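> Residue numbers (the numbering used here), protein chains in the order written: chain A, 1 to 432; chain B, 1 to 376.
Simulated from the structure, these hints should not be mistaken for lab results. Here the structure is a predicted model, which is why all the values come from computation and not from measurement. For every residue, glycine included, the Cβ atom is placed at its ideal position computed from N, Cα and C. You may find that some hints are simply not true.
[Claimed, not checked] No more than 25 Å apart at the CA atoms, straight line, and that leaves these computed lysine to aspartate or glutamate pairs for DMTMM-like:
1. K81/B - E68/B
2. K217/A - E401/A
3. K250/A - E225/B
4. K62/B - E386/A
5. K217/A - E269/B
6. K217/A - D60/B
7. K212/A - E225/B
8. K212/A - D54/B
9. K280/A - D94/B
10. K132/A - D274/A
11. K286/B - E86/A
12. K304/A - E86/A
13. K212/A - E264/B
14. K167/A - D220/A
15. K212/A - E269/B
16. K363/B - E225/B
17. K81/B - E225/B
18. K139/B - D406/A
19. K132/A - D374/A
20. K41/B - E72/B
21. K167/A - E382/A
22. K212/A - E55/B
23. K217/A - D131/B
24. K217/A - D85/B
25. K81/B - E214/A
26. K250/A - E72/B
27. K62/B - D220/A
28. K212/A - D222/A
29. K184/A - D85/B
30. K356/A - D333/A
31. K286/B - E386/A
32. K184/A - E92/A
33. K217/A - D54/B
34. K356/A - E367/A
35. K376/A - E386/A
36. K375/A - E85/A
37. K84/A - E369/A
[As the list claims (entries may be wrong)] Computed far set for chain A versus chain B, every beta-carbon distance over 10 Å:
38. G176
39. P200
40. E241
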Amino acid sequence: MSCSFSAVNSIQPRSLSTDNPSITPFKPTPSPFLGSTLKPRFNSLKKSPSASTRRRSSIVAVSDVVKEKSLNFKSSPSNLLITKEEGLVLYEDMVLGRAFEDMCAQMYYRGKMFGFVHLYNGQEAVSTGCIKLLKQEDSVVSTYRDHVHSLSKGVPARQVMSELFGKTTGCVRGQGGSMHMFSKEFNVLGGFAFIGEGIPVATGAAFTSRYKREVLKEADCDHVTMAFFGDGTCNNGQFFECLNMAALWKLPIIFVVENNLWAIGMSHLRATSDPAIWKKGPAFGMPGVHVDGMDVLKVREVAKEAVERARRGEGPTLIECETYRFRGHSLADPDELRDPAEKAHYATRDPITALKKYMIENKLASEAEFKAIDKKIDEVVEDAVEFADASPHPGRSQLLENVFADPKGFGIGPDGKYRCEDPKFTEGTAHV
Amino acid sequence: MLGILRQKVSFGGSHISIVEQSFLRIRPAVNASRGYTSAAKEMTVRDALNSALDEEMSADPKVFLMGEEVGEYQGAYKISKGLLDKYGPERVVDTPITEAGFTGIGVGAAYYGLRPVIEFMTFNFSMQAIDHIINSAAKSNYMSAGQISVPIVFRGPNGAAAGVGAQHSQCYAAWYAACPGLKVLSPYSSEDARGLLKAAIRDPDPVVFLENELLYGESFPVAAEVLDSSFCLPIGKAKIEREGKDVTITAFSKMVGYALKAAEILANEGISAEVINLRSIRPMDKATINASVRKTNRLVTVEEGFPQHGVGAEICTSVIEESFEYLDAAVERIAGADVPMPYAANLERMAVPQIEDIVRAAKRTCYRSVPKAATA
Numbered sequence: 001m002s003c004s005f006s007a008v009n010s011i012q013p014r015s016l017s018t019d020n021p022s023i024t025p026f027k028p029t030p031s032p033f034l035g036s037t038l039k040p041r042f043n044s045l046k047k048s049p050s051a052s053t054r055r056r057s058s059i060v061a062v063s064d065v066v067k068e069k070s071l072n073f074k075s076s077p078s079n080l081l082i083t084k085e086e087g088l089v090l091y092e093d094m095v096l097g098r099a100f101e102d103m104c105a106q107m108y109y110r111g112k113m114f115g116f117v118h119l120y121n122g123q124e125a126v127s128t129g130c131i132k133l134l135k136q137e138d139s140v141v142s143t144y145r146d147h148v149h150s151l152s153k154g155v156p157a158r159q160v161m162s163e164l165f166g167k168t169t170g171c172v173r174g175q176g177g178s179m180h181m182f183s184k185e186f187n188v189l190g191g192f193a194f195i196g197e198g199i200p201v202a203t204g205a206a207f208t209s210r211y212k213r214e215v216l217k218e219a220d221c222d223h224v225t226m227a228f229f230g231d232g233t234c235n236n237g238q239f240f241e242c243l244n245m246a247a248l249w250k251l252p253i254i255f256v257v258e259n260n261l262w263a264i265g266m267s268h269l270r271a272t273s274d275p276a277i278w279k280k281g282p283a284f285g286m287p288g289v290h291v292d293g294m295d296v297l298k299v300r301e302v303a304k305e306a307v308e309r310a311r312r313g314e315g316p317t318l319i320e321c322e323t324y325r326f327r328g329h330s331l332a333d334p335d336e337l338r339d340p341a342e343k344a345h346y347a348t349r350d351p352i353t354a355l356k357k358y359m360i361e362n363k364l365a366s367e368a369e370f371k372a373i374d375k376k377i378d379e380v381v382e383d384a385v386e387f388a389d390a391s392p393h394p395g396r397s398q399l400l401e402n403v404f405a406d407p408k409g410f411g412i413g414p415d416g417k418y419r420c421e422d423p424k425f426t427e428g429t430a431h432v
Numbered sequence: 001m002l003g004i005l006r007q008k009v010s011f012g013g014s015h016i017s018i019v020e021q022s023f024l025r026i027r028p029a030v031n032a033s034r035g036y037t038s039a040a041k042e043m044t045v046r047d048a049l050n051s052a053l054d055e056e057m058s059a060d061p062k063v064f065l066m067g068e069e070v071g072e073y074q075g076a077y078k079i080s081k082g083l084l085d086k087y088g089p090e091r092v093v094d095t096p097i098t099e100a101g102f103t104g105i106g107v108g109a110a111y112y113g114l115r116p117v118i119e120f121m122t123f124n125f126s127m128q129a130i131d132h133i134i135n136s137a138a139k140s141n142y143m144s145a146g147q148i149s150v151p152i153v154f155r156g157p158n159g160a161a162a163g164v165g166a167q168h169s170q171c172y173a174a175w176y177a178a179c180p181g182l183k184v185l186s187p188y189s190s191e192d193a194r195g196l197l198k199a200a201i202r203d204p205d206p207v208v209f210l211e212n213e214l215l216y217g218e219s220f221p222v223a224a225e226v227l228d229s230s231f232c233l234p235i236g237k238a239k240i241e242r243e244g245k246d247v248t249i250t251a252f253s254k255m256v257g258y259a260l261k262a263a264e265i266l267a268n269e270g271i272s273a274e275v276i277n278l279r280s281i282r283p284m285d286k287a288t289i290n291a292s293v294r295k296t297n298r299l300v301t302v303e304e305g306f307p308q309h310g311v312g313a314e315i316c317t318s319v320i321e322e323s324f325e326y327l328d329a330a331v332e333r334i335a336g337a338d339v340p341m342p343y344a345a346n347l348e349r350m351a352v353p354q355i356e357d358i359v360r361a362a363k364r365t366c367y368r369s370v371p372k373a374a375t376a
């Protein structure tokens with residue numbers, strides 16, 4: 001038994017190296033423990049983990065290879081990962097996320113915002129790296145840490161700030177709040193307070209995309225869905241149920257794990273039997289990728305491949321982004337359990353400064369351009385606060401609105417009107 | 001018409017006559033159509049549900065059915081028989097045993113405008129998915145300020161079957177009906193089943209559709225209009241199954257049949273009972289119930305579920321709040337026993353309301369001396 005177990009544990013990217021020729025992890029072992037005799041399918045990305053076998057650690061950022069290649073060709077811009085325009089877009093988006101969240105903290109301590117507020121500082125690379133690849137018709141499903149996902153997807157900062165203030169000009173008229181950001185226009189499907197709740201909903205959105213293509217025959221419907229969730233969620237049953245069904249039906253969904261190593265005060269290592277979340281993908285038959293979530297370019301490379309896979313109809317991908325949140329779980333969290341040394345370490349790996357450094361070193365943009373963007377974003381955020389402050393509170397009648405789409409409860413008849421308003425309507429047509 | 005009536009019945013006394021007039025208007029039609037029942041077609045509830053699903057799926061390609069065993073097995077209770085062959089596996093989706101997962105998938109698809117029908121093998125299994133029914137389906141239209149509506153139907157058998165034990169016998173009407181944002185329907189006859197399921201599928205809000213396993217095989221006469229493919233019953237209206245003037249008995253699902261039989265027994269003893277088939281637990285047709293109580297002055301509510309915080313509790317309180325002066329006797333609540341459902345057949349019979357219980361309660365409200373406790 002023990003030998004077969006160790007064979008399982010050695011299924012790692014490095015296994016294809018010539019170090020240990022005796023270990024052949026891709027072959028199924030005869031032990032009854034393992035059950036399935038299917039070959040575990042790993043990352044089918046072009047830059048597979050096996051390519052980076054030179055690294056000793058099994059936790060390898062997939063696109064490290066890409067980055068290394070690009071660093072070797074510093075002088076020729078054609079080998080860089082991004083163009084100047086793309087880089088500035090990414091920078092602006094990350095700065096917007098950071099400035100917005102910082103302003104949220106200020107406003108919360110001034111009493112303008114209340115309830116549960118979960119800030120995204122430090123994780124901007126994941127949101128920007130992934131969401132900036134999507135079209136408006138693609139959808140994003142998030143958890144309660146959803147301000148920056150909404151901003152990246154395109155929801156105006158004014159609307160998000162108003163929503164946080166609880167004003168009627170918010171993106172959901174003040175009825176949702178920090179944890180429930182919905183936008184039909186930009187296809188942000190929430191905003192869920194329960195971890196793991198958004199994953200099946202995202203899988204449903206991907207199901208719809210495939211249904212539209214195959215049943216409703218909208219031939220060019222290649223909308224993909226991205227589900228964002230944390231490390232704590234990866235122990236939840238719904239996550240596994242959806243990995244199974246997404247892979248089974250080849251749904252166009254990308255599961256993005258924002259592994260910031262902490263679930264409130266519970267360290268990921270204390271909560272999870274096998275901390276390598278990306279491994280859970282291959283267990284269900286989809287590629288599992290691990291990437292450095294503090295580097296927006298790496299995240300972008302990995303996400304791009306995943307999105308293209310999904311658009312081609314090849315099915316889901318699980319991306320584990322190792323990232324870190326600079327603030328506590330929420331503004332009410334005293335954040336006492338995290339080691340200050342750990343926080344200091346990750347503060348040096350701030351994604352925004354990293355991108356700036358990369359772009360300056362590769363002469364893509366100048367310091368002045370970055371300062372201009374910083375200034376512009378500050379103005380945007382200030383304007384959002386002023387707008388939210390000046391907006392009215394919801395009227396009293398708004399309390400009872402929007403419970404139902406069809407409040408009369410009578411149902412809509414075949415002509416699209418409420419049946420009870422149809423003059424020929426009689427209640428309970430057949431009184432037998 | 002009746003929609004406007006519903007708003008106008010403000011229990012100001014003078015308006016009651018409008019409702020009574022409508023009853024008078026309907027009564028000749030009832031009597032007239034009673035004459036045709038012997039010639040009317042009979043249909044089982046199972047066929048009614050099957051035909052309703054079939055017609056709605058063929059009318060709108062966005063409607064799809066998802067659940068365990070709905071496809072190749074033809075439905076755990078054969079409700080979806082023949083649908084897989086007709087519509088294919090993309091529209092009749094067999095799922096793994098993952099209620100939370102596939103219910104959430106249904107909700108996500110509904111966010112995008114598809115019209116899923118999620119089948120639970122019984123509503124007891126819906127507890128694995130109740131987070132999605134309440135938190136992501138029921139509350140979404142409100143949380144998104146009307147941007148995202150959820151046109152989904154959750155259906156399946158509810159309540160006690162025969163000898164299936166505690167974990168397969170609970171009635172969930174009260175739980176789901178407590179939640180704003182959901183519509184909860186419970187049909188009795190084939191006409192109810194067809195009309196309400198079609199209305200539920202067309203409705204743009206989440207609907208919990210509580211069927212009953214023991215009623216699936218029962219046959220009811222249906223008029224020709226019921227067989228029409230655009231037949232729909234309104235959500236939120238109760239039906240007066242039997243007119244009476246001495247006591248009002250409200251019931252839903254299987255208990256309607258029991259109440260009707262009890263009414264027959266009571267009629268032989270000189271008590272004329274009015275039986276109301278609730279049809280819609282949420283929104284509940286409080287107007288009809290109150291109007292009826294104002295006519296008969298006595299109320300007996302019947303349900304199969306647990307008594308505390310049950311459907312009957314809500315009806316009794318509504319009547320006390322709105323028609324207190326009209327009551328001539330204390331309201332009577334009949335519910336299942338306050339125990340998890342036992343397995344032994346004789347114990348199970350005692351744990352669920354029987355016809356004698358309804359008769360006894362009705363007599364108590366009419367001040368006939370009858371002991372309160374049942375004799376085993």
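> Does each hint fit the structure? Answer for all of them.
Hint check:
no., hint, result
1, K81/B - E68/B, "holds (13 Å)"
2, K217/A - E401/A, "violated (36 Å)"
3, K250/A - E225/B, "violated (43 Å)"
4, K62/B - E386/A, "violated (43 Å)"
5, K217/A - E269/B, "violated (64 Å)"
6, K217/A - D60/B, "holds (14 Å)"
7, K212/A - E225/B, "violated (34 Å)"
8, K212/A - D54/B, "holds (20 Å)"
9, K280/A - D94/B, "holds (24 Å)"
10, K132/A - D274/A, "violated (31 Å)"
11, K286/B - E86/A, "violated (61 Å)"
12, K304/A - E86/A, "holds (14 Å)"
13, K212/A - E264/B, "violated (53 Å)"
14, K167/A - D220/A, "violated (39 Å)"
15, K212/A - E269/B, "violated (61 Å)"
16, K363/B - E225/B, "violated (37 Å)"
17, K81/B - E225/B, "holds (23 Å)"
18, K139/B - D406/A, "holds (14 Å)"
19, K132/A - D374/A, "holds (19 Å)"
20, K41/B - E72/B, "violated (29 Å)"
21, K167/A - E382/A, "holds (17 Å)"
22, K212/A - E55/B, "holds (20 Å)"
23, K217/A - D131/B, "violated (32 Å)"
24, K217/A - D85/B, "holds (19 Å)"
25, K81/B - E214/A, "holds (23 Å)"
26, K250/A - E72/B, "holds (20 Å)"
27, K62/B - D220/A, "holds (17 Å)"
28, K212/A - D222/A, "holds (9 Å)"
29, K184/A - D85/B, "violated (35 Å)"
30, K356/A - D333/A, "violated (31 Å)"
31, K286/B - E386/A, "violated (47 Å)"
32, K184/A - E92/A, "holds (24 Å)"
33, K217/A - D54/B, "holds (20 Å)"
34, K356/A - E367/A, "holds (9 Å)"
35, K376/A - E386/A, "holds (15 Å)"
36, K375/A - E85/A, "holds (18 Å)"
37, K84/A - E369/A, "holds (11 Å)"
38, G176, "violated (5 Å)"
39, P200, "violated (2 Å)"
40, E241, "violated (3 Å)"
Going down the numbered hints, you'll see the structure goes against 2, 3, 4, 5, 7, 10, 11, 13, 14, 15, 16, 20, 23, 29, 30, 31, 38, 39, 40, while the others check out.
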